[in-house]
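Using the sequences plus the hints, can you model the full thing?
If you're matching them up, the sequences are chains S and E in order.
Residue 100 in this note's numbering sits at position 100 of the first sequence; the count goes up by one each step and never skips.
Residue 110 in this note's numbering sits at position 110 of the second sequence; the count goes up by one each step and never skips.
Just so you know, the hints here were simulated from the structure itself, not pulled from any lab data.
Please note that a few of the clues may not be correct.
What the hints assert, rightly or not - Part of the chain E face toward chain S, derived, beta carbon under 8 Å:
no., residue
1, G34
2, A123
3, A206
4, L210
5, A213
As the list claims (entries may be wrong) - To list a few chain S residues with every Cβ distance to chain E over 10 Å, as calculated:
no., residue
6, E18
7, G21
8, K37
9, K52
10, K57
11, S75
12, G121
13, R139
14, Q141
15, Y172
16, E187
17, K194
Where is the CB? At the ideal position from N, CA and C, for every residue including glycine.
Protein chains: 2
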Amino acid sequence: MQSVRAMKETDAGSGLTERQGAVLEQALRLLVDGGEKALTTAGVARAANCSKESLYKWFGDREGLLSAMIAFQASKVRTLDVAGAKLDGGSLRVHLVTFARDLLDVLAGDVSLALNRLAIGQASREGSKLGHMLQERGRRQIGRRAGALLEAGRKAGLLAFDDSDEAYGALYGLVVSDWHLRMLLGEEPGRLKKDFSRRAERAVDAFLTLYGAKE
Amino acid sequence: MQSVRAMKETDAGSGLTERQGAVLEQALRLLVDGGEKALTTAGVARAANCSKESLYKWFGDREGLLSAMIAFQASKVRTLDVAGAKLDGGSLRVHLVTFARDLLDVLAGDVSLALNRLAIGQASREGSKLGHMLQERGRRQIGRRAGALLEAGRKAGLLAFDDSDEAYGALYGLVVSDWHLRMLLGEEPGRLKKDFSRRAERAVDAFLTLYGAKE
DNA sequence: CCCCATCAGTACCGTACGGTACGGTTCGTG
DNA sequence: CACGAACCGTACCGTACGGTACTGATGGGG
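Here it is as structure tokens:
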């Protein structure tokens, strides 16, 4: 262990080698294609051309593998903070609509749906931290982007709200409504995806009606 | 079969005997307590003091048992339609807040969460109609109550909207936001439940701001 | 009183999975 | 070249589950 000096990592501080990242990639693919039942240790080993022994050496047990998959996927998603430019009414609306559409696209993604299904399935037993991980790494991340945008809007005098979380909750609800749950339950996402743009615009309009500053 | 004349049923047209209903009750309890993994055929048979053979005779296979559980639970929930009385601004708000709070209570219920987790877990494989069943029996039911309420509000000149589904979607989103998903992911529901009343009122106020008729 | 259907309880079977152990191979290093 | 670490492929083990078959008990109807 100590002799290994230059362990090449996929990501700074992730502690994963390229090989292990590739294995997790295959595991995610298996999960997306066949659900949790298809995600067996033997299946992952076969798909990734590695041995089960290596899986257990790297990730401890099956739970560790699942956690690593979530962490790995989260590490790949980078939310670009465009908190830069100055805002007017039009650009704020554009930014909000873009955010809303991105949010819908993320939630409707194959990997996101599969991981959410996995974490929800594990949520029944106690001690499963998968749900908490997904919440922390996923929502907190995109929530920060929204929070920064809302805060910038308030700074520019375009938005009026007391509680930032409450405003974000309203925006989220207006955008997502029950679509996320419906997709998790298996409703064909193709038909829903077509309406994402229109839905994002309507939701942002409603949000601005609620929280837009009176002029 | 034909010789059985008076098969005592728990519910008109459900096709279930009292005994079978009791078995499903125990199965639901097992599911709530221990999640899907705890819901084994042997476990259900033991908990309900029946034989596995009877389970397979009555429900066909495990999938049939799950479907029967969902249908059974749905048959127990009766949404009272209070489409009667005349509405003014105050009573409409009261009705909406009551609806919102009921919605949050239902979604936060043990059995609801367990069944949703179950259906979501099964949603990965194709051909699983559990998600569709839950959607149809659950949401459609409570959606009708909301639709009737909204329609009554519009009839009384208190609400203004073109698309009833869109208005309901906005109400749902404002009320629920991401709380349902967070509860499904295992977030302690106790802490969330305390705020249900305040949350319902805030959401209804926002909804009335969006869809209340200008006077 | 007997017959037959139903059902509980149990034993059983095939399978599949999580986890472990072992032989053979590659590759970097002294 | 020799040594050893890492690792692949596979075989293996214990267990648990879905589903089936059998036995004995119960209870209602002719």
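Hint by hint, here is what the structure shows:
no., hint, result
1, G34, "7 Å, holds"
2, A123, "4 Å, holds"
3, A206, "6 Å, holds"
4, L210, "5 Å, holds"
5, A213, "14 Å, violated"
6, E18, "29 Å, holds"
7, G21, "24 Å, holds"
8, K37, "7 Å, violated"
9, K52, "22 Å, holds"
10, K57, "26 Å, holds"
11, S75, "20 Å, holds"
12, G121, "4 Å, violated"
13, R139, "7 Å, violated"
14, Q141, "14 Å, holds"
15, Y172, "5 Å, violated"
16, E187, "7 Å, violated"
17, K194, "16 Å, holds"
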